[in-house]
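From first to last, the protein sequence lines are chains A and B.
First residue of the first sequence: 1, per UniProt numbering; consecutive thereafter.
First residue of the second sequence: 1, per UniProt numbering; consecutive thereafter.
Treat the hints as calculated values from the structure; they're not laboratory data.
Take these hints with a grain of salt, some might be off.
Repeated chains share a single entry, so a pair holds when one copy, or any two copies, can fit it.
[Said to hold, decoys possible] Simulated pairs of lysine to aspartate or glutamate, EDC-like, Cα-Cα distance not exceeding 20 angstroms: (1) K221 x D300; (2) K129 x D62; (3) K188 x D176; (4) K88 x D62; (5) K165 x E217; (6) K188 x D117; (7) K110 x D193; (8) K110 x E46; (9) K188 x D105; (10) K188 x D291; (11) K88 x D124; (12) K338 x D127.
Since the structure is predicted, the reported quantities are computational estimates derived from the model, not experimental observations.
There are 2 protein chains.
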Amino acid sequence: MSLIVQKYGGTSVGSVERIQNVADRVIAARRQGHELVVVVSAMSGETDRLLGLARGIRANIDGRELDVLLSTGEQVTIALLAMALEAKGCPARSYTGAQVQILTDSAHNKARIRDIDGARVRRDLADGKVVVVAGFQGVDEMGNITTLGRGGSDTTAVALATALKADECQIFTDVDGVYTTDPRVVPKARRLDRITFEEMLEMASLGSKVLQIRAVEFAGKYNVPLRVLSSFQEGEGTLITFEEESMEQALISGIAFNQNEAQLTVAGVPDQPGVAYRLLGAVADANIEVDMIVQNVGADGTTDFTFTVHRNDFEKALGIVHSRAEALGARQVTGDDKIVKISIVGVGMRSHAGIASKMFEALAAEGINIRMISTSEIKISVVVDEKYLELGVRALHDAFELEQPRSGQ
Amino acid sequence: MSLIVQKYGGTSVGSVERIQNVADRVIAARRQGHELVVVVSAMSGETDRLLGLARGIRANIDGRELDVLLSTGEQVTIALLAMALEAKGCPARSYTGAQVQILTDSAHNKARIRDIDGARVRRDLADGKVVVVAGFQGVDEMGNITTLGRGGSDTTAVALATALKADECQIFTDVDGVYTTDPRVVPKARRLDRITFEEMLEMASLGSKVLQIRAVEFAGKYNVPLRVLSSFQEGEGTLITFEEESMEQALISGIAFNQNEAQLTVAGVPDQPGVAYRLLGAVADANIEVDMIVQNVGADGTTDFTFTVHRNDFEKALGIVHSRAEALGARQVTGDDKIVKISIVGVGMRSHAGIASKMFEALAAEGINIRMISTSEIKISVVVDEKYLELGVRALHDAFELEQPRSGQ
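Start from the sequences, fold in the hints, and give me the full structure.
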């Protein structure tokens, strides 16, 4: 018998019928002999309804009272799911974050979990009950209700799995697993049976929005096996674990891409200390997030400096850079918001030379010009013209033979 | 500086605009130098919405999970009111029943308050904050969320006022106080400045649904001055207190009536022990509530037995009584659902003879036949034909000169 923590998001519990379906899934897992803790989000639409009420009260909503308000969303779901389980003959018990106790710091609206007291949950499990826990919320040392911020329910599930030493943490979403790339772009994209935490982090941060980054980090840190599955169809999903010996052979696990970026280049900047700071500091001061930053070795005492921002921030960033460039004595400022970033991700590339050149070769063969390159230990990202997105992703998917199950799986 | 507990019901907080109005009222009271604890209900309609969700899950909804669900209603209101107060520059802090702690027994859906820990509330008051508390809910010793059942928010307010030794508990409703009788029947009905707890209990149970009986009992037991006021208009409302010397002169404080009753009479029942039980036991077994019961002294070894039930239960009760009457050897069973009960209420009648005869005289002068009479220490009720309701109430209102402020006020 193993202990499994399951998490169902807002879409999965978006109606009374869907809550009944979740109850059926939970009961099926229980019949297989597992002990179950189920973490749920607010029903889809409920958080927006509550935010609408709050915005009717005041313009700026944040702080302690917003958490009191929003935490009711999951509380409704836990009660309904526990009722549904009991109606189907499965003993169940619901807990708010405060009841569990999921102890957090006092940073309202973006609290971090400090500790979880699993005693009550363990007692109920020993009594044969399914335990239903409200995601996204906790309580601080003073007894104030807190919320964890975006994607907090995933984090709740992973943290509970860690505290309870669960055998697996299963995240149910509206996709049936993690794919080698977006199946809408590459129809023959393949669901991965397994992926490492590090690869998942790169995939997540690069635009494969299956799991919240924080939850993956947490699961990796505490070595909780994490599985992504579909709420709406059967299947084994994708298991996210640590790298194993047998996975060494795999080179590339997937291809991520991001269509929401724009590129800014400041050419002919004096090659001096402090230039990068003076440029990017102004951008950061305007609350614009910067993604890639590339600066090449300079020549003739000047250098070219390129970075990417979210497409929505392009005009604003361009204005800031223009005003700074003059003071820096730059030769030229150019920008383009018709670009995409494509990345290949895989722990295998650490120990294999030639991955980068294979990538560039595949793109060149299709006549795709690479505008920027940036690498980390387990990924290589390139920026290309927007029009090459589909062509580039498909060419790479073929070149790395991702439609074939990778060795070691 | 006095400490005041205010309570606003669902209609008073039924929209974002109304919550803003409540915030204005609270701030106005604070400007007068008072310390304030504010108890609120769920926004009107919210409890029904939640019940609708629960009924989508299962047919029979009760128990622990229903309380987890319903308690979110008040939690939304406390957050919104605290936000509104802070937006208007008034420091405020919200608490759920569990946070306060309002400790109850574990009778879910109809829990009773055992104890209130006022420490956190007192600390916030000392810090100059307005404390906003969720009505209707508490927490049991195990940390489970409980609800107090019908009218629970009034009870929360009175219990908090007791625990905090508040100077006054103010219940804001959609009427501006307690009237000598229903102003829709007697246009010159007068708002009472004061009424005793006992009178209020009789008025409440007789159909003047201004306050929940349980809250009045509680306030009386712990001697918390209770005031009924309107959320929507200015005014002093009605203060409910213990009888004082100066109130002795008042004879009658008000006239209550109930249009929802039906009368059943079993005539010629053998005048023997156990007859009442055998008749009413069967009615009670069918979950029919009995209001008045009148049995006169028998003659010729038989007696007549009359009682009243809610009009909705009339046919069912008549069937039960018919079936029993035969076995009891009764002569005849009659019933009538075209009746009303009219009651005069007042602590003054204790020490004054002649109140009853004055009542009967006033009704006789209008040609109104009295079908039943029942009395308690501070009220006299009569049952008359339904068509005489308005005429009877107006005649009594005139006879006892209720349009004049009573002496001692």
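Each hint tested on the structure:
1. In the homo-oligomer, the alpha carbons of K221 and D300 never lie at most 20 angstroms apart, since the shortest distance is 46 angstroms inside one protomer and 92 angstroms across protomers.
2. Taking the shortest Cα distances, K129 and D62 sit within 20 angstroms of each other only across copies (18 angstroms), while inside one copy they are farther apart (36 angstroms).
3. Proximity of K188 and D176 under a CA criterion of 20 angstroms is satisfied intra-copy only: 15 angstroms inside one chain copy versus 72 angstroms between copies.
4. In this homomeric assembly, K88 and D62 come within 20 angstroms of each other (Cα to Cα) only across copies, at 15 angstroms, whereas the closest approach inside a single copy is 39 angstroms.
5. Taking the shortest alpha-carbon separations for K165 and E217, only the intra-copy value of 17 angstroms comes in at or below 20 angstroms, while the best inter-copy value is 51 angstroms.
6. In this homomeric assembly, K188 and D117 never come within 20 angstroms of each other (Cα to Cα): the closest approach is 45 angstroms inside a single copy and 63 angstroms across copies.
7. In this homomeric assembly, K110 and D193 never come within 20 angstroms of each other (Cα to Cα): the closest approach is 32 angstroms inside a single copy and 51 angstroms across copies.
8. In this assembly of identical chains, the alpha carbons of K110 and E46 lie at most 20 angstroms apart only when taken from the same copy (19 angstroms versus 28 angstroms across copies).
9. When the C-alpha separation of K188 and D105 is checked against a cutoff of 20 angstroms, the pair qualifies neither within a copy, at 45 angstroms, nor between copies, at 60 angstroms.
10. Taking identical chains as interchangeable, the C-alpha atoms of K188 and D291 are never at most 20 angstroms apart, the minima being 29 angstroms within one chain and 75 angstroms between chains.
11. Proximity of K88 to D124 under the C-alpha cut-off of 20 angstroms is restricted to the intra-copy arrangement: shortest distance 18 angstroms within a copy versus 45 angstroms between copies.
12. For the identical chains of this complex, K338 and D127 are neighbours neither inside a copy (59 angstroms) nor across copies (56 angstroms), given an alpha-carbon limit of 20 angstroms.
Checked against the numbered hints given earlier, the structure breaks hints 1, 6, 7, 9, 10 and 12 and satisfies all the rest.
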